[in-house]
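J.: With the sequences and hints as input, model every part of the structure.
Note that the sequence shown covers residues 2 to 96 in the numbering used here.
Zero decoy hints are in this set.
Derived pair list, reagent style BS3-like, types lysine-lysine, alpha-carbon separation capped at 30 Å:
#1 K28 x K12
#2 K61 x K50
#3 K12 x K60
#4 K80 x K60
#5 K80 x K16
#6 K80 x K69
#7 K12 x K82
#8 K28 x K80
#9 K12 x K69
#10 K69 x K50
#11 K82 x K61
#12 K28 x K50
Ranges between beta-carbon positions, derived for each pair:
#13 S93 x V6: 29 to 35 Å
#14 E58 x E83: 16 to 22 Å
#15 E85 x R4: 22 to 28 Å
Don't read these hints as lab results, they were simulated from the structure.
Beta carbons: idealized from backbone N, C-alpha and C, even for Gly.
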Amino acid sequence: LDRDVIVSVVKEALKAVPLNEERIIIKLNPDDYNLISERIDELEIDRTKLQIEQSPEIKKGGCLIETKTQHIDSTVEQKFKEIENAINSVFSHED
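T.: Next up, the structure:
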């Protein structure tokens, strides 16, 4: 897995977070945690609002973002589910 992928995944997931959120928790696989911690400035977000946590339950390349008002699932499993749903939708429209 290209190490830059996780930075892109987190940045994309953060786009769904409203600017007025007071606290943002990003949960990452421990292997991804170190990379994001080193490259936190690339996330372009107020670091005083940000908390990064390790979660071994999350597979490498994915993340969960929690705020007071939202729960954003950008895990690998969720991405595959979205792809599967899109494929199923295409096939169901062909009938």
